[in-house]
Amino acid sequence: MAITGLIKGLGITLKHFIETYTVDLKDGKKRYNTPEGIKERSSADTKGIFTVQYPFEKVPVPEAFRYIPFLVFDESESGEKDIRCTSCGICAKVCPPQCIWITRSVNPETGKPVPKPAKFFIDIDICMNCGLCAEFCPFEAIRMDHDYEISSFNRFDHHIYDLDKLLKPAKYYAKIHPKQYAEEEAARIEKEAKKAAAKATKPA
Amino acid sequence: MSDEKLNNPGIEIPPELSNQIAVTTLDKIYNWSRAKSLWPMMFGLACCAIEMIITASSRFDFSRFGMEVMRPSPRQADVMLVSGTVTKKMIPQIVRLYNQMSEPRYVLAMGACASGGGPFKEGYNVVSGVDKFIPVDIYVPGCPPTPQALLHGLIMLTKKIETEKLSEAEWYKKDFNEEIPVPILGPDLIDPRKYDVIKNHTFNEDPFIDGGLVIDQKQGEQS
Chain A
0 MAITGLIKGL GITLKHFIET YTVDLKDGKK RYNTPEGIKE RSSADTKGIF
50 TVQYPFEKVP VPEAFRYIPF LVFDESESGE KDIRCTSCGI CAKVCPPQCI
100 WITRSVNPET GKPVPKPAKF FIDIDICMNC GLCAEFCPFE AIRMDHDYEI
150 SSFNRFDHHI YDLDKLLKPA KYYAKIHPKQ YAEEEAARIE KEAKKAAAKA
200 TKPA
Chain B
0 MSDEKLNNPG IEIPPELSNQ IAVTTLDKIY NWSRAKSLWP MMFGLACCAI
50 EMIITASSRF DFSRFGMEVM RPSPRQADVM LVSGTVTKKM IPQIVRLYNQ
100 MSEPRYVLAM GACASGGGPF KEGYNVVSGV DKFIPVDIYV PGCPPTPQAL
150 LHGLIMLTKK IETEKLSEAE WYKKDFNEEI PVPILGPDLI DPRKYDVIKN
200 HTFNEDPFID GGLVIDQKQG EQS
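Residue numbers (numbering that gives the first Met the number 0), protein chains in the order written: chain A, 0 to 203; chain B, 0 to 222.
Each hint should be verified, as a subset may be incorrect.
To be verified - Computed, partial: chain B to chain A, Cβ under 10 angstroms:
hint : residue
1    : ALA48
2    : ASP60
3    : PRO103
4    : ARG104
5    : LEU107
6    : CYS112
7    : LYS120
8    : GLU121
9    : SER127
10   : ASP136
11   : VAL139
12   : CYS142
13   : MET155
14   : LEU156
FYI, nobody ran anything at the bench for these hints, they're computed from the structure. Glycine included, C-beta positions come from ideal geometry on N, C-alpha and C.
So here's chain A without its partners, still in its complex pose (with noise of 0.2 angstroms):
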């Protein structure tokens, strides 16, 4: 018995074996640094190498996928940067692990605190994904970034995150969020036109 068994295992081994050549032979260029190819080697039933060759190919993320957080800045048609976030420290608040510093910054001429960040730090080595952050914020100036290669040597030079590191364009959050992009302008438009409806009617 034990030896049936074993030679039973040892064939669906040599089975798995002889498979990867004959998948290969057949439709090897196709399965390799493809999107299809990914996909098929990622399903269930596929056969013969299902290896992902990390650096040269990479396993696509999906859109709810969450690494570090950064923020939305919207480009002015002059060019210039117009942060969404208030710095009004909500997502500083709900942070478990408690890895946002925010800094509000201050008109120099009146001394009265400006509604943008002077300063936002973020604790990459601190933060735990959860997504907290993103999903409270009101005015969906943070997010959950896909962009998961940001290993590096040094932790206080490199993986404390300041402003330079942590704005990313618009652009760049539609292009990895496209559904919820696209339900949050609707959202944002409709909301607009409301309002303009509302102060439309009002001095009538």
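Based on these hints, arrange chain B on the given structure of chain A.
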């Protein structure tokens, strides 16, 4: 992975011999052979370890980079993947394992907990960052890092190894002793390197304490 060729182009090789002869430096061949056969130590601490196992299995397969087998013995391992939350009870064992590894040895802090404490950074039972005790070569952020993020970290580590020089390598110097004192787990964690600070703290009747460090009394009065 690296575009740099092993051949040193500084010396001209006659075209008829170009297929048979390769000229390189000792540094390059030494680093090349080390970076391409980096054996990790087999131990996992928390949820990051699951992600590390996936990286080792056939879907991502880090034996493509020469990390062929995970060695269960620290004597045969080159790189220590600190994969997960390091509790205060675990750090003495990790430091001991690190001391048992043979040089050159590397440490990769995987995930938020190992790099900086993560959500437990002010916890009563968790070390906030393994780099407080052992030197970390590379930090991989994420909670947990995806297999591809870990592979990126390992590739970065091989790049770091390729820049090292034999003449500057610490572990071949005569008076090299990088043994790290093993921390003691008492009522709390005690780092033997900080005995003096702890002693001051304990025996000073009216210690002016700021940020865990005992400051000179005079400085305290001035400010």
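Structure-based check of all given hints:
no.: 1; hint: ALA48; in the structure: 17 angstroms, violated
no.: 2; hint: ASP60; in the structure: 5 angstroms, holds
no.: 3; hint: PRO103; in the structure: 15 angstroms, violated
no.: 4; hint: ARG104; in the structure: 16 angstroms, violated
no.: 5; hint: LEU107; in the structure: 8 angstroms, holds
no.: 6; hint: CYS112; in the structure: 9 angstroms, holds
no.: 7; hint: LYS120; in the structure: 6 angstroms, holds
no.: 8; hint: GLU121; in the structure: 8 angstroms, holds
no.: 9; hint: SER127; in the structure: 9 angstroms, holds
no.: 10; hint: ASP136; in the structure: 7 angstroms, holds
no.: 11; hint: VAL139; in the structure: 4 angstroms, holds
no.: 12; hint: CYS142; in the structure: 4 angstroms, holds
no.: 13; hint: MET155; in the structure: 5 angstroms, holds
no.: 14; hint: LEU156; in the structure: 9 angstroms, holds
Comparing the model with each earlier hint shows violations of hints 1, 3, 4; every other hint is respected.
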